[in-house]
Structures are given as structure tokens and as C-alpha cells.
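Please model the entire structure based on the sequences and the hints provided.
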Amino acid sequence: MAREVNQQLAREFGLSAEEYGRVLEIMGRTPSFTELGIFSVMWSEHCSYKSSRVWLKQLPTKAPWVIHGPGENAGVVDIGDGLAAVFKMESHNHPSFIEPYQGAATGVGGILRDVFTMGARPVANLNALRFGRPENPRTKRVVDGVVRGIGGYGNCVGVPTVGGEINFHRAYDGNPLVNAMTVGIASKDRIFLSAAAGIGNPVVYVGSKTGRDGIHGATMASAEFGADSEEKRPTVQVGDPFTEKLLIEACLELMATDAIVAIQDMGAAGLTSSSVEMAGKGGVGIELDIDQVPARETGMSAYEFMLSESQERMLMVLRPDREDVARAIFEKWDLDFAVIGHLTDTGRITVKHQGRIEADIPLAPLADQAPLYHRPTAETPKGEKLNPARIEDRVGLTRALQTLIACPDLCSRRWVWDQYDSSVGGQTVKRPGAADAAVVKLEGLKRAIALTTDCTPRYCAADPEAGGMQAVAEAWRNLTAVGARPLAITDNMNFGNPEKPEIMGQFAAAIRGMAAACEALDFPVVSGNVSLYNETEGRGILPTPAIGGLGVLEDAAQAVGLALPPWLDLVLLGTTKGWIGQSLWLREIAGREDGAPPPVDLAAERAVGDFVRNQILAGTVRACHDVSDGGVLVAIAEMCIASGVGARLATHPRDIPGHAFWFGEDQGRYLVAVPDGAAFIRAAEVASVPAMRIATSGGQDLTLPDGGTISVKALRDAHERFFPAWMEGG
Amino acid sequence: MKAGIVIFPGINRERDMAIALAQSSGEAPRMVWHKETDLSGLDLVVIPGGFSFGDYLRCGAMAARSPVMQAVHDHAARGGYVLGVCNGFQILVEAGLLPGALLRNASLRFLSMDCHLRVERSDTVFASRYQRNQTFRAVMAHGDGNYFADDATLDRLEGEGLVAFRYATPQGEVTPEANLNGSVRSIAGIYTPNLRVLGLMPHPEDLVDPLMGGADGKPLFDALAAA
Amino acid sequence: MKATVTVMLKAGVLDPQGKAIAHALGTLGFKGVEDVRAGKVIELELAETDPDRARAAAEEMARKLLANTVIESFRVSLDG
Amino acid sequence: MKATVTVMLKAGVLDPQGKAIAHALGTLGFKGVEDVRAGKVIELELAETDPDRARAAAEEMARKLLANTVIESFRVSLDG
Ligand SMILES: Nc1ncnc2c1ncn2[C@@H]1O[C@H](COP(=O)(O)OP(=O)(O)O)[C@@H](O)[C@H]1O
Ligand SMILES: [Mg+2]
Chain A
40 MAREVNQQLA REFGLSAEEY GRVLEIMGRT PSFTELGIFS VMWSEHCSYK SSRVWLKQLP
100 TKAPWVIHGP GENAGVVDIG DGLAAVFKME SHNHPSFIEP YQGAATGVGG ILRDVFTMGA
160 RPVANLNALR FGRPENPRTK RVVDGVVRGI GGYGNCVGVP TVGGEINFHR AYDGNPLVNA
220 MTVGIASKDR IFLSAAAGIG NPVVYVGSKT GRDGIHGATM ASAEFGADSE EKRPTVQVGD
280 PFTEKLLIEA CLELMATDAI VAIQDMGAAG LTSSSVEMAG KGGVGIELDI DQVPARETGM
340 SAYEFMLSES QERMLMVLRP DREDVARAIF EKWDLDFAVI GHLTDTGRIT VKHQGRIEAD
400 IPLAPLADQA PLYHRPTAET PKGEKLNPAR IEDRVGLTRA LQTLIACPDL CSRRWVWDQY
460 DSSVGGQTVK RPGAADAAVV KLEGLKRAIA LTTDCTPRYC AADPEAGGMQ AVAEAWRNLT
520 AVGARPLAIT DNMNFGNPEK PEIMGQFAAA IRGMAAACEA LDFPVVSGNV SLYNETEGRG
580 ILPTPAIGGL GVLEDAAQAV GLALPPWLDL VLLGTTKGWI GQSLWLREIA GREDGAPPPV
640 DLAAERAVGD FVRNQILAGT VRACHDVSDG GVLVAIAEMC IASGVGARLA THPRDIPGHA
700 FWFGEDQGRY LVAVPDGAAF IRAAEVASVP AMRIATSGGQ DLTLPDGGTI SVKALRDAHE
760 RFFPAWMEGG
Chain B
-17 MKAGIVIFPG INRERDMAIA LAQSSGEAPR MVWHKETDLS GLDLVVIPGG FSFGDYLRCG
43 AMAARSPVMQ AVHDHAARGG YVLGVCNGFQ ILVEAGLLPG ALLRNASLRF LSMDCHLRVE
103 RSDTVFASRY QRNQTFRAVM AHGDGNYFAD DATLDRLEGE GLVAFRYATP QGEVTPEANL
163 NGSVRSIAGI YTPNLRVLGL MPHPEDLVDP LMGGADGKPL FDALAAA
Chain C
-17 MKATVTVMLK AGVLDPQGKA IAHALGTLGF KGVEDVRAGK VIELELAETD PDRARAAAEE
43 MARKLLANTV IESFRVSLDG
Chain D
-17 MKATVTVMLK AGVLDPQGKA IAHALGTLGF KGVEDVRAGK VIELELAETD PDRARAAAEE
43 MARKLLANTV IESFRVSLDG
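Residue numbers (this note's numbering), protein chains in the order written: chain A, 40 to 769; chain B, -17 to 209; chain C, -17 to 62; chain D, -17 to 62.
To be clear, the hints were calculated from the coordinates, so they are not data collected in a lab. Built from N, CA and C at the ideal position, the CB exists for glycine as well. Keep in mind that the hints are not guaranteed to be accurate.
Under the rule of at most 25 Å between Cα atoms (straight-line distance), these lysine-lysine pairs were calculated in the PhoX-like manner [unchecked claim]:
#1 K(-8)/D - K46/D
#2 K46/D - K179/A
#3 K(-16)/D - K22/D
#4 K46/D - K(-16)/C
#5 K227/A - K485/A
#6 K179/A - K22/D
#7 K371/A - K248/A
#8 K(-8)/C - K22/D
#9 K46/C - K(-16)/C
#10 K13/C - K13/D
#11 K101/A - K89/A
#12 K(-8)/C - K13/D
#13 K13/C - K179/A
#14 K13/D - K(-16)/C
#15 K1/C - K46/D
#16 K96/A - K320/A
#17 K13/D - K1/C
#18 K22/D - K248/A
#19 K46/D - K22/C
#20 K22/C - K13/D
#21 K101/A - K248/A
#22 K(-16)/D - K(-8)/C
#23 K46/C - K(-8)/C
#24 K227/A - K320/A
#25 K89/A - K539/A
#26 K13/C - K46/D
#27 K(-16)/D - K13/D
#28 K46/D - K248/A
#29 K(-16)/C - K22/C
#30 K320/A - K391/A
#31 K485/A - K200/B
#32 K227/A - K101/A
#33 K1/C - K22/D
#34 K22/C - K(-16)/D
#35 K(-8)/D - K22/C
#36 K320/A - K89/A
#37 K248/A - K(-16)/C
Ranges of calculated distance between the beta carbons of each label pair, as one might list FRET restraints [as the list claims (entries may be wrong)]:
#38 V52/D - A208/B: 49 to 59 Å
#39 L90/B - P33/D: 28 to 38 Å
#40 R114/B - E632/A: 58 to 68 Å
Written out as C-alpha cells, the structure reads:
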């Protein structure tokens, strides 16, 4: 039944001729069908990082508080009080386009497993989403399904979804991005790793049964299956959040014992990658008896078992004398539990099925000789620095503000987060919309973590290095704006086809920018994910290095939000030059998407941010909001809308055109609401931080320097209109 | 009052509930696994929110038929206190301890937001620390909270004063706009005739600390702790 | 033997899902859709081979679990 | 004329609901339940009186809206 293994089949499996040659060399014979399947998934872009590895190495990954950097299922940082935060972000872009609900739902499920597999109880989810133009009829269906899917899974497992971001752009029309992030909390001396150890120790499978879901897309062309193969071989996996919830509870219960030697979730490439990676990392061999794997369907082949991506499954190595303890826990939770093999001293993975050896591969060369490409890169041509004085303001401040605050990229995301349970767990101090970063308290303690996701793809497209730097800086800034000390990031590198030099150039440059920012801000990368080939019909997405940031607050009560209280001075910190290139004002008001994006001055970024954080922790700041998309005026309006309190704006410096001052997107800036602006500005001067009083809060209207007045209610109506009107209307 | 929290597989607000109960009573509630059948020693049995059995088939349907529910029936029949919140309310209704049913939200979407509840009567243990007609804020987080019963049942509930809370504006007006999930007669919670079993959809337990956005739900737990 | 249990909301119980589907069909340009009701179907593969006993078993499953008779009615059909 | 569209997950697609129902039926003491699949049923009241045209319309509605053909299959039956 199985097809003959040759170069042609290898190509269908996604292996190049050269890669197949290497397989022949390692095996010293023609591999079996199952062996070829194992090579093809282990050497896929997704598992081997063959195009990106050389670049990822440039990212800083160390700091005194980093417990585990990249290389484990998720990153681990010390957050004090004997605890560690475990976090990671992962993409589910392609599945979410094919089936938005299930694609997004299983994306959430997958990232949750990466975190609780390390012994952490998941306490927060975030999601970074990019969709096509709202005018594209398909976009609405994708948004609806993705949002329902994220909520459907996250709400059911009982992990609050506390933040995220959404952008729209035509570049995502045929390729939306769904990046899901999970943060968990563990005792810092009880972190579980995946390196297998102990020859003879049992290899145990737990969770859901295995079906034919999601088997390597490349093999769809294989003639192994009959004419009804379409019916039998869905590429889309269906998520089962109930089983995931049981799996979380059962795993955490088992982790409180000393039964586990090593554990790993079955993610992409399922049983293959989990067993190969566990044995490989531990430098041992592994023997699997496929007959013992719990199956949902009959007649599955070894190849199908090894490549299935059925959800809600984990693989563990147990201490042999603790097998019964473990079995009892999984039976209590009504989950499958099966010993499917044991560790060996052969250094090989051996797969047995129905009395036959279906695969027998040496593990070291499978890992060490995995392909590694230094693909050619081409620099993105730099845009020019636009002179704002040469770009006429045809609409004035009032109308521009009304337009910007209502546009898809800036309007309220309430319609989205209202479908996510953000309070379950009872620890959410800052829910979505309340602050620049979500704040989640640690149960029973004063301490809290702050979380954000950030990336501005239009900056990255115009200048990937500046954009990569900006994304990291904005994440750091958003954490700082609530008073948190930023600790580390996870990233999700979403790019187009790496075989095109201009795309690989974007990737390399974004990494350069990110690395510089991580270095300057002491904000290392502890985990991440790469998603390449995001393109349809030859057109790539905007380069989108999404950043997930995590910070810590010693006392949750010190966190500030962005809602503007009345009768305070609003002070603008940081340098404003009126950078209009790649701004939303330029796109939405002037109808242009050009120019260089705003540069990030990392030294200034740090100085301003450290000052803001110190002031928040000293208790002088009542509200804080960073200035990002849309510039100062949009940021002030957002603060007003959040509280319903108005503000009267000061006049701006003469040397900058009004539209550039109020809507420019210079980086490294914050707005803070303080009782005594003059004293605050003096303190800023002492710290050499540029500061100016920009408004006084109070009343119910926003009064602009040109005399225009808009009621906060009208602003809020405009801000809240887009999503409900678009999604629920007609 | 000695409290216990029933844990069904898939329940996920048991920790929130335990925190709220312990904060008011100073005593950690007993956690009761759904396969247990002995509730003796408990004055108050709480069925918390979540997705028991994934909420597959119908919310609360499978949990309502679990072994522990016979014991909950017996506890209620003995005059014991029972509180069911969100999924807990759905389970009580599916188990026949409270009348009616909870249908899909009228918007067909999950609703996660604050809402306001008007207190219909305060002469019950649960509501004794609120004033009649007072409104308080609670967290709504459900996909199926649209209360339904036939007219005869509704008339009986109203006639006997068994409506506990209604969705209202912050000022206490019962309006269609404030009735976010579409519940019939804006009903958010109901009692049994002896006023000792309460089922309600929104979560008072998620607002018991100003740090988390308010303490509007705390009086309910303070009252239970003191009773 | 296979038994199929179809569960529908009783007349008089609001069916927002049916209403939403009717609305969406209208938006898609379908004409002449006068009413839409949405329900559930549960297909049971039973070891039982006697049709009467299979039907009786399925009906009991429906009464005990599959339908909530406060709001739903059900019907059982057999095939195979 | 009434058309009933039954939508089920395709064979091989995980059916978490069916799995949970089967488990619950077992807990309730029902024996001999070998498999359970859960699906949706949509009853359409159509103005159309010609059976062939009614069926064709219902099939198109299923393809365009009622079923998610990536993971679901559907069947249409007519009555009355
Ligand atoms: N997909 C989403 N899920 C949940 N919350 C979201 C999502 N997108 C945006 N939000 C929330 O909306 C608010 C505004 O987001 P955004 O405009 O991206 O903020 P900022 O520009 O300050 O980073 C934040 O609280 C954010 O967490
Ligand atoms: Mg921000």
C-alpha cells in the first residue's frame, strides 16, 4: 500500500534533492515510508528553523533573571517571591485562514500546552492578530471566526484573555496572522524540562486519542490513500478545550509528585517531534510501540500515528516506580494513559508497529545534520525622511482626530475583548482597554505581572530594522507605562517566503533592530516562534515581528491605568519633533503610505522610561499612557474616552506644524496625569528628561488649541462605532 | 457558615469563589469532588462557574446528572443553603432545583463585561447586606445566560417573590438595553420558595476587592459568612 | 443499530439562532425563507439489534440527558 | 415546503461533543452505546413548492452558510 520511497516522493514530502541525499547518507539505505515522513517533518521549516536559525542566534537571551531562554517549550524568568513566569507566543496563521474558528482555537490550545508542560499554571492569554482590509468580504468571516475561536477555547479552559492587538492591512487579505501568547506561573525550583533520562524508563502518552488529523500537508498527494481520502484526511484539527482543561489539572496534579522525569507536549509533528526531541536532548535512545498508542480511528499506519497532529496530547518519561501514581491521576480525570515505549541506550528512535520495525533512525545525525541555510538577503530600500511642512493639512485638527479615533486600526477593540473572559481567576487588575499593559496579580500575593503584545507592521515594511527595534521598544514602553519593570520578551516572527532575498533581508534586519533594542533595554528574548511562507499568490504579508512582553510589579496596587481623572495636569514626556513618515495621520488623512518610519533613540527611550516608572512607583502619577499610533492627540483622546473626563490642550511649540506635533509618531514618549505639573516637570529636568505640560483635565469636552471642541461622548461614540457596525450590521 | 465548593470536571471559577468565601469568612471552603456523595457538615454548598464537561450538549446538563447532585438535592431538601453562579446556576436549573432554563445569549455571542443587578428583595440571607432596589455591579462572563421560563412559571416566581436580581442600569432602571443577554423579564437570579437556594448568572465573586475593579459583590459573601 | 435523536426547541421558546440564520440567509440573497428553526441531532450507534428496544433506549437517553424537556422536544428515528 | 438540513462533522474529524455525550451516557448507566456523533439540524420553511427546486435551494444554503464544508458534511431531506 505504501508508495515507493524515492527522490520524487521526498520532494512531495517537502525535502529538496540535497536534503534527500543527506537522508540516504545518514541511513545508509533507502528509508522506509515512515522514516522519510519523520525526516521530512523534523527537517521542515517549522521544526528545524533551517532558514532562520542563523539569524535568531543574534538575539540577546540572557539576564540575571532569565531561568530558561529559547530552546525549551517556553521561556522562564524569575519574578520574585520564589516564582517564575513561563511564557511564549506561537502562530496559527495558515489553519486560521482555512478554518478561522478551529484554527484560532487550536492555536490557543497549543500555546497553553507549551506553558503548562513546564509545570506552570496558565494565568493569562493574549493574542496578536492581523487581518486583511475590512472592505474585503472574506475579512469579516475570518475576524468573526478567529475571535469566536480564541474565546471559545480560552473561556472554556478558564484562562483569562487579557490583551492583544489587531491591525488591518490589505497585505493580510489572503494570509491573516493569529499569534497566541500564554503566560503561566510556576514555583521557580519546580520547572519541568523535556530532556529524557534513565535507560529503561517508561515513555507515557496521556490526553486525547490519536486520529488522522493534520497529517503533513505535503503528503496529501501521496497515493497511500484511496479515492475517499478527502473525507478521511481532514487537514483541520478540531480543538477540545474541555479535554485540555482536564489535561492541565491532571498534569499539574502529577507535577506535584516526583513521578516525572521529562515531559513535552505533542505540538507540530506530534509524536515524531516530541519523542525525537525528548530523546535527542537527553542523549538517549527511544523505542516506541505504536500498537499501544490510543487511537480514535481504526486502520491507522505507523506513518499516520507518527505524523498525526491530534490535539490535547502529551508525552512524558516517568520514574518506573511511579507509573501507578501517574495512572491513577489520569484515570481520575478520565484521560487516556498508555505506556507506549521506553528509553534505550541505542541513541536511535525505533518505531514498532504490528510486529514490524517501521522506523529506526540514529538521533544524533537527525538533529546535527539538519539543514541550515544562510539564504541570500537583500536590504529594503530606505524611505526618505518626510518634511511635515511640505505636507499640507487640509482638514484641521478636529476632523483629523475624529477620523483617526474611528478608523479600523485605532478604534476601540471592545467588541473583541467583550467576547473574551478577562476576569476568570479573579486576579485581573487591569483588563483590556484599562491600561497600556494588562496587569494580573499573583494569587495570594501582592506581586503582579504586566503583559503586552506589540508590533507596528507598517514601520517594519518601510524599514525592518527600525520596525523591529520599535516593536521591542513599544512593548517595553507599554509595560513601563503601568509601572512594571520589564523583564523579557517572547517573539513571533511572521514573514513571507524566505527564499526571496528581499524577505530574508527583512527578517535579518528586523532581528538586528530587535537585538539592539533588547540589548539596550535589558529586555532579552526567552522564547519565540518563526512563521515563514506567509504569502498568497506571490504576495507576502508585511513583515510582522510580533513581540510579547512581560514585566513585574512588586505591588499590584501601584499599577496605573490610562483613564484620565479630572483636575490634573497632563505632562508629555520625551522628545517631539513631529515625525510624520508612516504615521496613521499620513495614511488616513493625507492618503499616503510612505516615508521613513520614526527612529527609536534607545538611550533616550531608556532614560524616559526609567523616569516614568520611578515616578509611578513613587506614587506621583495618577494615569499614564504611551504615545504610539496616531500620536499625542489620539493618546490624549484615548485617556479622555477611558474615563469620560475632558481636557483643555495647551498650544504647541511654534517650530513644528500643528498636524505634525499633534499626530506625529515620534517614539519614546508618554503622557502622565499628575496633580502638580510644575513640580513634575522640575523633577524631569533634574533627570534630563524632556517634559512639557500639554493639557489640564476636567469637564466633559476636549478643547483643542485651535479652539475646536469635541465632547468626550462624541469621541467615544466615534471610537466605539466601527467594530459593532461592521460585524453586527447587516 | 461552613461552605463547600463542588468541583465538576471543566469548572474553572472555583478559585475565584474560594477566594471570595475565604475573604469574608476567614475560613477556606471545603472542595468537594463531583464523585463524592457526602456533604454532611456543610451549611452552604456552592456550585461555581466554568464549563462543566465543556458545556457540550447543553450547559450544565451532564453535571446535573452527576453523583454529587443527589446529595445537593438532599442538602437543599434539608433546608441547607445552595448558591449556584453562572454554570452553577445552569446546573441547578438542569437538575430541577430551580425552574426554567438558560438559553443562548440573544446576541449569540459570549458576553464578558460588567453589568448591574437590581436587588429585588433583601430579606434573604444572600441579599441581607444589600438594600431592596439597590443596584450593584457584577461581572458577566457567559454564552448561555438568557433566562427562560414559561409564563405560568414566571408568574409564580414573581407572585411568590422568588426573583432575586434583575439586570438594570447603574441607576436601577430595568430596561431592554441593560438586559444584555435577553433574559425574560430581565431575570438574573432566582430563589427557591424557602429562599435558601440561589442561582444567578453574573459573578459577584469576581468583584470582592477594589484592586480588581470593585467590591460590589463582597456584601453577599459577608452576609453568608455571618449567617 | 443506529438511532438518531433530533432535539428542537419547543414552539414558544425563542430561537435566536434560527432567527440569525434566517437573517443571514436573507443577506446572502436567498428569497422565500419563511421560517428557520435550529436544533441538534445526536446519532447513536447502539449494540441493540431489536428496533423496538433500540427505540425505547434512545427515547430514555433523550429524556434523561439529550433533551431538556423544559424547553426542548425530541424525536427518535432508526436506521440500519 | 419544509426542508431539513442535517450537518455533521466529517468522518475522521474529532467530535468532542459526541465523545462527552457517550461518556455521560455511560455514567448514567446506559450500556451498549458504541459511538455517538453530535450535529446540527436546521429546519427551513420555504415558500418554494417544487420539491426539486426546494432541495436545490436548501443545498445551496447549506453550502453557502449552514455547513462549514471544511470540516462538516450535510444532507437535505424534504417533507410536507
Ligand atoms: N485581540 C485582542 N484581544 C484582547 N484585547 C485586545 C486585542 N486587541 C487589542 N486589545 C486591547 O485593546 C487595548 C488597545 O490596544 P492597542 O491599541 O494595541 O494598544 P497600544 O497601542 O497601547 O499598544 C489594549 O488594552 C489591548 O490589550
Ligand atoms: Mg500602548
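Practice prompt. Please work out if K46/C and K(-16)/C have their alpha carbons no farther apart than 25 Å.
Written response: 19 Å, holds
Worksheet item: Has the given pair, K(-8)/D with K46/D, been kept, meaning a C-alpha gap of at most 25 Å?
Response: Within the cut-off at roughly 17 Å; holds.
Discussion item. K371/A and K248/A were given as a pair; does the straight-line alpha-carbon distance stay at or below 25 Å?
Written reply: 17 Å, holds
Worksheet item: Regarding the pair K(-16)/D and K13/D, is the alpha-carbon distance no greater than 25 Å?
Response: Not OK: K(-16)/D and K13/D at ~36 Å, beyond 25 Å, violated.
Worksheet item: K13/C and K179/A: Cα distance at most 25 Å?
Response: 23 Å, holds
Discussion item. Hint check: K101/A vs K89/A, CA-CA at most 25 Å. Holds or violated?
Written reply: 23 Å, holds
Worksheet item: Does the alpha-carbon distance linking K13/D and K(-16)/C stay inside the 25 Å limit?
Response: Holds - the C-alpha atoms of K(-16)/C and K13/D are around 14 Å apart, at most 25 Å.
Practice prompt. Could you tell me whether the CB distance from V52/D to A208/B stays inside 49 to 59 Å?
Written response: Taking Cβ atoms as reference, V52/D and A208/B lie about 56 Å apart, which means the hint holds.
Item to complete: Take a quick look at whether K22/C and K(-16)/D sit within 25 Å of each other, Cα to Cα.
Response: Status holds; Cα separation ~17 Å.
Discussion item. What's the verdict on K(-16)/C and K22/C, does the C-alpha distance respect the 25 Å limit or exceed it?
Written reply: Satisfied, since the Cα-Cα distance of roughly 16 Å is no more than 25 Å.
Worksheet item: Given the hinted pair K(-16)/D and K(-8)/C, is their alpha-carbon gap at most 25 Å?
Response: Holds, because 17 Å separates the two Cα atoms, which is no more than 25 Å.
Practice prompt. Would you mind confirming whether the straight-line C-alpha gap from K(-8)/C to K13/D stays at or under 25 Å?
Written response: 29 Å, violated
Of the hints listed earlier, those the structure fails to meet are numbers 4, 10, 12, 17, 21, 27 and 28, in rising order.
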